[in-house]
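Undergrad: Here's the letter readout for the chains.
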Amino acid sequence: MKIHRIYAVSLRFWYYFRHSFDRMTDAFYWPTMDLLLWGLTSTYFRQYIPNNANVVTMIVTGILLYIILWRGQYEITVNLLGDLWNRNLINIFASPLKFWEWITSFMVIGIIKAILSIAFASGVAYLLYKVNFFMYGFNLIPFLILLIMSGWWIGFFVAGVILRFGTKVQTLAWAFVAIFSPFIAVYYPLSVLPAWAQKVASFIPMSYIFEGAREVLYKGSLDYRKLWISLFLNIMYLIISLIFLRKSFDKVLEKGLVKVY
Amino acid sequence: MAILSISNLTKKFKDFTAVDHISFDLKEGEILGLLGPNGAGKTTTIQMLLGVLTPTGGEINYFGKSLGQHREEILEQVNFSSTYTNLPWDLTVRENLTFISYLYNISDRKKRVARIVDIFNLNSLLNLETQELSAGQLTRLNLAKSFINFPRILLLDEPTASLDPDVASYIREFLLNQRKEFQVSIIFTSHNMAEVEEVCDRVIFINHGKIIADDTPESLAESIETSHLELVVKDGLKRTIEYCQNNNYQYKLDNRAIVIDVKEKEIPEFLRSLMDKGVFYDQISIEKPSLEDYFLEITKKGRIK
Numbered sequence: 001m002k003i004h005r006i007y008a009v010s011l012r013f014w015y016y017f018r019h020s021f022d023r024m025t026d027a028f029y030w031p032t033m034d035l036l037l038w039g040l041t042s043t044y045f046r047q048y049i050p051n052n053a054n055v056v057t058m059i060v061t062g063i064l065l066y067i068i069l070w071r072g073q074y075e076i077t078v079n080l081l082g083d084l085w086n087r088n089l090i091n092i093f094a095s096p097l098k099f100w101e102w103i104t105s106f107m108v109i110g111i112i113k114a115i116l117s118i119a120f121a122s123g124v125a126y127l128l129y130k131v132n133f134f135m136y137g138f139n140l141i142p143f144l145i146l147l148i149m150s151g152w153w154i155g156f157f158v159a160g161v162i163l164r165f166g167t168k169v170q171t172l173a174w175a176f177v178a179i180f181s182p183f184i185a186v187y188y189p190l191s192v193l194p195a196w197a198q199k200v201a202s203f204i205p206m207s208y209i210f211e212g213a214r215e216v217l218y219k220g221s222l223d224y225r226k227l228w229i230s231l232f233l234n235i236m237y238l239i240i241s242l243i244f245l246r247k248s249f250d251k252v253l254e255k256g257l258v259k260v261y
Numbered sequence: 262m263a264i265l266s267i268s269n270l271t272k273k274f275k276d277f278t279a280v281d282h283i284s285f286d287l288k289e290g291e292i293l294g295l296l297g298p299n300g301a302g303k304t305t306t307i308q309m310l311l312g313v314l315t316p317t318g319g320e321i322n323y324f325g326k327s328l329g330q331h332r333e334e335i336l337e338q339v340n341f342s343s344t345y346t347n348l349p350w351d352l353t354v355r356e357n358l359t360f361i362s363y364l365y366n367i368s369d370r371k372k373r374v375a376r377i378v379d380i381f382n383l384n385s386l387l388n389l390e391t392q393e394l395s396a397g398q399l400t401r402l403n404l405a406k407s408f409i410n411f412p413r414i415l416l417l418d419e420p421t422a423s424l425d426p427d428v429a430s431y432i433r434e435f436l437l438n439q440r441k442e443f444q445v446s447i448i449f450t451s452h453n454m455a456e457v458e459e460v461c462d463r464v465i466f467i468n469h470g471k472i473i474a475d476d477t478p479e480s481l482a483e484s485i486e487t488s489h490l491e492l493v494v495k496d497g498l499k500r501t502i503e504y505c506q507n508n509n510y511q512y513k514l515d516n517r518a519i520v521i522d523v524k525e526k527e528i529p530e531f532l533r534s535l536m537d538k539g540v541f542y543d544q545i546s547i548e549k550p551s552l553e554d555y556f557l558e559i560t561k562k563g564r565i566k
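Just so you know, the protein sequences line up as chains A and B, in that order. Anchor point for the first sequence: position 53 equals 53 in the numbering used here, and the numbering is continuous, going up by one each time. For any residue, its number in the numbering used here is found by taking its place in the second sequence, counting from 1, and adding 261.
Bear in mind the hints are in silico, worked out from the structure with no lab data behind them. Treat the hints with caution; some may be incorrect.
Label-pair distances were calculated between CB atoms; the ranges are [as the list claims (entries may be wrong)]:
1. B/K561 <-> A/S20: 48 to 54 Å
2. A/T32 <-> B/L387: 30 to 36 Å
3. A/V55 <-> B/R370: 49 to 55 Å
4. A/M24 <-> B/K561: 55 to 61 Å
5. B/I547 <-> A/K251: 52 to 58 Å
6. A/D22 <-> B/L387: 20 to 26 Å
7. B/L387 <-> A/S20: 17 to 23 Å
8. B/R370 <-> A/M24: 24 to 30 Å
9. A/M24 <-> B/S268: 47 to 53 Å
10. A/Y188 <-> B/A375: 54 to 60 Å
11. B/E486 <-> A/K251: 48 to 54 Å
12. B/L437 <-> A/T32: 54 to 60 Å
Think about it this way: if two alpha-carbon atoms lie no more than 30 Å apart in a straight line, the pair counts; the simulated BS3-like pairs of lysine-lysine are [unchecked claim]:
13. A/K251 <-> B/K441
14. B/K371 <-> A/K247
15. B/K371 <-> A/K251
16. B/K441 <-> B/K371
Below, a sample of chain A positions facing chain B; criterion: calculated Cβ distance under 10 Å [what the hints assert, rightly or not]:
17. N88
18. K98
19. V258
We treat Cβ as the ideally placed atom computed from N, Cα and C, and that holds for glycine.
Based on the provided sequences and hints, a complete structural model is requested.
TA: Shown next as structure tokens:
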């Protein structure tokens with residue numbers, strides 16, 4: 001792997017971000033709107049929930065953590081779509097760029113944008129609700145790493161599907177991650193889910209993170225076993241999604257990169 | 262010495278064979294024209310040479326090394342320009358050239374970009390987004406991109422399409438100079454036969470995925486025996502037409518001018534026969550067969566040389 005090529009593709013994504021009003025909106029406008037809407041709603045509900053001063057913090061930190069997950073997958077799928085819309089895949093793959101360098105650049109730009117988005121959104125959360133995202137201390141580090149890993153495998157899986165079927169399934173780039181939302185318990189404890197849904201949730205690595213974050217909030221401690229399970233599942237899904245993406249890419253090479261859009 | 266060697270290259274899409282066991286070499290400093298009608302297999306061949314389409318069979322060797330096994334090393338020294346692909350349209354000209362220059366790890370990047378921008382006269386366009394460029398400006402940007410890494414081999418798919426004649430002429434001259442100065446080897450596709458005759462040392466004709474001719478443009482043109490004899494007839498146009506029809510000569514009429522397809526060696530006899538029939542003409546011109554005639558004949562008849 002060559003750093004200059006990873007840098008080149010990341011730079012291309014960065015330029016795309018700078019020029020795109022859509023991307024700016026996705027990075028800053030929607031997180032702000034989510035924080036406003038859900039933060040105000042939870043502030044209102046707090047009056048009717050006795051002994052639960054943490055409800056606003058729980059909802060707001062749920063939103064902030066979800067941004068990390070969403071960013072990780074979004075940067076992969078939407079940047080891939082950008083290259084398909086621009087018919088740019090030939091330009092980059094007729095160069096010495098390797099498949100794994102391309103993948104790494106998605107990850108790099110995902111981390112950079114996640115940091116940007118989370119820095120902005122946590123600032124907004126503090127200003128509006130005095131919720132300090134950094135109250136999780138060092139626990140925040142595994143939370144962020146595991147959530148971005150989850151974003152990556154979801155993103156790589158969707159990218160594989162888009163490569164195989166083209167832009168006619170492009171809506172998955174925005175919508176697919178939402179399929180996990182009911183099971184990962186972003187805003188409520190897993191115990192509210194029916195038994196079958198809890199079983200499904202046990203196979204989804206993000207559910208352990210959101211549940212862990214709530215534990216820290218309510219119990220002041222964290223069951224690290226949850227993080228290990230999440231890490232194990234994330235690694236497994238990441239490997240599977242990368243194999244799927246590589247196979248999809250090879251399939252595309254059989255048809256010709258010029259035909260994919 | 263061959264720096265690109267293609268052997269039995271084949272591409273099948275299900276039951277359709279787009280490229281059918283083609284083999285050819287490209288020598289150092291050679292400009293090779295790849296010609297054929299639409300759908301003949303030219304672009305499919307170029308895509309396989311760029312590694313963006315997996316061949317069904319055959320070998321591609323650059324500099325004596327297999328493209329499959331030495332892709333990275335090979336593509337550092339190869340580049341392409343095509344009217345059928347875009348650089349990202351939401352990036353400016355400067356941003357596009359900058360990110361491409363990082364992709365190829367150009368040592369003196371800023372200087373190289375500035376030089377390329379000068380050569381292709383892109384200075385006034387640097388801060389424009391690619392989507393704002395005209396077709397001709399886009400072609401120049403694509404060409405600039407293709408030269409950014411000092412390629413030893415260039416694959417140019419209709420590089421002068423959409424260019425004004427003066428710019429196209431400048432680009433052809435530039436290509437010939439690059440070949441002269443740096444021994445750059447070029448594979449060139451174009452629908453402009455005059456351009457191919459001017460630029461290419463050798464031409465390969467592909468039709469239905471097969472190579473049907475491989476020779477110099479001059480030799481290919483000479484292989485066509487029929488010349489175009491143009492007469493502006495003063496008296497006896499009807500008799501001339503009758504004579505052509507009776508003797509199976511193809512002709513086209515334009516007012517009093519008639520263009521007749523006649524084998525070069527039959528022209529004296531043809532003119533004497535017209536004289537015998539009392540035909541008078543006050544202008545005569547003979548156009549020798551060109552590469553375009555060869556192209557037309559070969560695509561019309563599917564003739565195999």
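Undergrad: If a hint holds in the structure, say so; if it does not, say that too.
TA: Quick rundown of the hints versus the structure:
no.: 1; hint: B/K561 <-> A/S20: 48 to 54 Å; in the structure: 49 Å, holds
no.: 2; hint: A/T32 <-> B/L387: 30 to 36 Å; in the structure: 35 Å, holds
no.: 3; hint: A/V55 <-> B/R370: 49 to 55 Å; in the structure: 54 Å, holds
no.: 4; hint: A/M24 <-> B/K561: 55 to 61 Å; in the structure: 56 Å, holds
no.: 5; hint: B/I547 <-> A/K251: 52 to 58 Å; in the structure: 56 Å, holds
no.: 6; hint: A/D22 <-> B/L387: 20 to 26 Å; in the structure: 24 Å, holds
no.: 7; hint: B/L387 <-> A/S20: 17 to 23 Å; in the structure: 20 Å, holds
no.: 8; hint: B/R370 <-> A/M24: 24 to 30 Å; in the structure: 28 Å, holds
no.: 9; hint: A/M24 <-> B/S268: 47 to 53 Å; in the structure: 51 Å, holds
no.: 10; hint: A/Y188 <-> B/A375: 54 to 60 Å; in the structure: 58 Å, holds
no.: 11; hint: B/E486 <-> A/K251: 48 to 54 Å; in the structure: 49 Å, holds
no.: 12; hint: B/L437 <-> A/T32: 54 to 60 Å; in the structure: 58 Å, holds
no.: 13; hint: A/K251 <-> B/K441; in the structure: 40 Å, violated
no.: 14; hint: B/K371 <-> A/K247; in the structure: 38 Å, violated
no.: 15; hint: B/K371 <-> A/K251; in the structure: 37 Å, violated
no.: 16; hint: B/K441 <-> B/K371; in the structure: 25 Å, holds
no.: 17; hint: N88; in the structure: 5 Å, holds
no.: 18; hint: K98; in the structure: 6 Å, holds
no.: 19; hint: V258; in the structure: 6 Å, holds
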